[in-house]
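Colleague: One letter stands for each residue in the lines below.
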Amino acid sequence: MKLGLTETKYLKDSIAVISELVNEATFKVTPQAIELVAMDPANVAMVIFKLLPSCFTEYDVKEKMELAINLNNLKQILRRVKPDDALTLEAEDNKLKITLQGQTRRTFAIPILDTDEKEQKVPDLNFGATIKTNASLITEAIEDADIVGESVSFIVQPDKLMISAEGDLSKAHIDIDKSEITQINVHDMNPLRAKYSIEYLKKMIAGAKLADDVIISFNKDYPLKLDFKTIDKVALSFILAPRVEND
Amino acid sequence: MKLGLTETKYLKDSIAVISELVNEATFKVTPQAIELVAMDPANVAMVIFKLLPSCFTEYDVKEKMELAINLNNLKQILRRVKPDDALTLEAEDNKLKITLQGQTRRTFAIPILDTDEKEQKVPDLNFGATIKTNASLITEAIEDADIVGESVSFIVQPDKLMISAEGDLSKAHIDIDKSEITQINVHDMNPLRAKYSIEYLKKMIAGAKLADDVIISFNKDYPLKLDFKTIDKVALSFILAPRVEND
Amino acid sequence: MKLGLTETKYLKDSIAVISELVNEATFKVTPQAIELVAMDPANVAMVIFKLLPSCFTEYDVKEKMELAINLNNLKQILRRVKPDDALTLEAEDNKLKITLQGQTRRTFAIPILDTDEKEQKVPDLNFGATIKTNASLITEAIEDADIVGESVSFIVQPDKLMISAEGDLSKAHIDIDKSEITQINVHDMNPLRAKYSIEYLKKMIAGAKLADDVIISFNKDYPLKLDFKTIDKVALSFILAPRVEND
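Protein chains in written order, with numbering that gives the first Met the number 0: chain L, 0 to 246; chain D, 0 to 246; chain U, 0 to 246.
If you're looking for bench data, these hints aren't it; they were derived computationally from the structure.
There may be inaccurate statements among the hints.
Remember, identical chains collapse to one label, so a pair may be satisfied in a single copy or spanning two.
Said to hold, decoys possible - With a cut-off of at most 20 Å between alpha-carbon atoms, the simulated EDC-like pairs for lysine to aspartate or glutamate come out as follows:
id, residue 1, residue 2
1, Lys-94, Asp-145
2, Lys-74, Asp-167
3, Lys-11, Asp-226
4, Lys-63, Glu-142
5, Lys-177, Asp-211
6, Lys-74, Glu-23
7, Lys-170, Glu-23
8, Lys-81, Asp-145
9, Lys-96, Glu-142
10, Lys-131, Asp-231
11, Lys-61, Asp-220
12, Lys-81, Asp-174
13, Lys-81, Asp-115
14, Lys-96, Asp-167
15, Lys-63, Glu-118
16, Lys-170, Asp-84
17, Lys-170, Glu-149
18, Lys-170, Asp-92
Chain L extracted, bound-state conformation:
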């Protein structure tokens, strides 16, 4: 396996975001894509990541392989990438070798881990509402909610998405109206409502580094999914378990 890339942003930003949720993960490298499906240690959140060959200047993958990696190690190395560096990834002798060629040639090697972890399956979910909007609006709303509480309710009706949090004494409530920026698809006229952890949402919404827009899908007291996509390059999704109302 040998992979070369010059536009290092997609790999670097994705790993930075994913490593906030998952410590170790197994990348599946195939001729079609680099993929990752992983649960966070508390089993509350799932990460689904796909990086396409069109991100790479060289994509030499003869056969499918699995690479279990400590993501924190990988993140620390990717942080060292400078804008003009060309990056190469190679699997060699149970090591992932990362070469940065710029004014100097810098080579890092991190261990490929043994793992007997069974493959994570992406669950088949049935969403009642899908909202596409500017990721920064959702980032702001989650930061607003973070002032007053630890969990946040998403409530959607055909004309608006509402994000709401309540603390012991204080409240925050954000209305995001349907508009050119915000598309809302719901089947039901009744509002749908579900509650999620702000701590997790803050880590997930960082996917906005990869894409200006986010697609939010959820259902009544049901998991929420966030999708960040750049066509032909990268797709990063998160699934987050709901909090039950008496949390």
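Keeping the supplied structure of chain L fixed, place chains D and U upon it in accordance with the hints.
Modeller: Relative to chain L, chains D and U alone:
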């Protein structure tokens, strides 16, 4: 009560500064102004704040009311104000409701506290010296003094203000000469001297966010007053008890 | 003794760097230069510093004198220097008096310490390799190495300098090829190798504030020397003891 403002800076910066000194405070809202007089918990410093109706785009106050608020809560919400947001304040059901209307509509509610605190009276002080100067000169001088000690002496004579601090071994001394920038009014030819806590002065001088100039008033071993004013908009003053010479 | 300077950068940056390694030090002030030779408290690193009269606008030193100073005190004061300040240093009554003349006149005094420390002698070293290169390349290489380990090996051969670190599981290796930017002088065709503490190197390479280039000298399992020089102004060198291979 309903108050609307688009130039949110005066309210936001004032609360940020005051909340460093006072945790809970009672605003007096009248048709003429929003006012606050409060002591810090250690009873060393007084804050006197006045925000005028001309800061507001809507100022609907039918009758005088008192609003006891946790200033830290209020500060956290005001931090979320973005430059283009229009801000509305309403008192409703023992809550202060704060609405930020920008690309989305964001509403926060914080409790109006019960308080049996009696009204603070601003003391009638008799100052021997008044200095008007650029607030940044005083900020710098206090930061200089902070390197060597915990308290600082203000010494004034007709031609200059001196700010002086002494640690176990080190000393700092700043001379600010009378000039176009620095106006000095003293009645006595003999230097006046008094000593104050640097920790408090650092919090108070942050009032420079509101006004370029500061008026400093003090007397021999007597309280010091700092005034920050923007005509027709806002006035923020602090009174600080002196340290006795053998502190 | 009275010294005046307007280009305060050389003094300020040097003291900031040196104070990370040495707490108290004795400056030798002569008509020819201000000099300092000091060991760090752990006796692992030596600092050799020289500031030339051409850095000063006034250099009035009648006779040789010694000034023992707490460098942290001095650094804190030099941090308060603003770009337009003229700085004056005077020795007076067992105090070093530092005056900053800008929009105000600010005077600091710190104690001149008693010291019975005997003068440090710069050791006579015999280096097998000398490399002159851009200091930022070495800074980057040390930061790269810092991700994986606590010590770093310098390996030099006629055509390149290699910097290499190994942790429990990860590795970093940087190749800096001979080029117009990187001059390499070695007498032997066999690679020379020695190992040093990354913690110390990070503090020393901060000398790059003073000069774009660094001269690195070392030998097999032998001390390393870093030289930062600005002609006619300042010279700052560090000598660092090697780590033995079984550290």
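Colleague: Work down the list of hints and note, for each, if the structure agrees.
Modeller: Here's how the hints hold up against the structure:
1. Lys-94 - Asp-145: between (40 Å within a copy, 19 Å between copies)
2. Lys-74 - Asp-167: Classified as between; 17 Å across copies, 37 Å inside a copy.
3. Lys-11 - Asp-226: Answer is within; shortest intra-copy Cα gap is 18 Å, inter-copy 35 Å.
4. Lys-63 - Glu-142: For Lys-63 and Glu-142, the Cα distance exceeds 20 Å both inside one copy (41 Å) and across copies (34 Å).
5. Lys-177 - Asp-211: within (17 Å within a copy, 44 Å between copies)
6. Lys-74 - Glu-23: within (11 Å within a copy, 39 Å between copies)
7. Lys-170 - Glu-23: This pair counts as between: shortest inter-copy Cα distance 18 Å, intra-copy 37 Å.
8. Lys-81 - Asp-145: between (33 Å within a copy, 16 Å between copies)
9. Lys-96 - Glu-142: between (38 Å within a copy, 18 Å between copies)
10. Lys-131 - Asp-231: Intra 19 Å, inter 45 Å, cutoff 20 Å: intra-copy only.
11. Lys-61 - Asp-220: neither (44 Å within a copy, 45 Å between copies)
12. Lys-81 - Asp-174: Between copies only: 16 Å across, 40 Å inside.
13. Lys-81 - Asp-115: neither (35 Å within a copy, 49 Å between copies)
14. Lys-96 - Asp-167: Intra 51 Å, inter 16 Å, cutoff 20 Å: inter-copy only.
15. Lys-63 - Glu-118: within (14 Å within a copy, 67 Å between copies)
16. Lys-170 - Asp-84: Between copies only: 19 Å across, 47 Å inside.
17. Lys-170 - Glu-149: Within one copy only: 12 Å inside a chain, 40 Å across chains, cut-off 20 Å.
18. Lys-170 - Asp-92: Intra 55 Å, inter 13 Å, cutoff 20 Å: inter-copy only.
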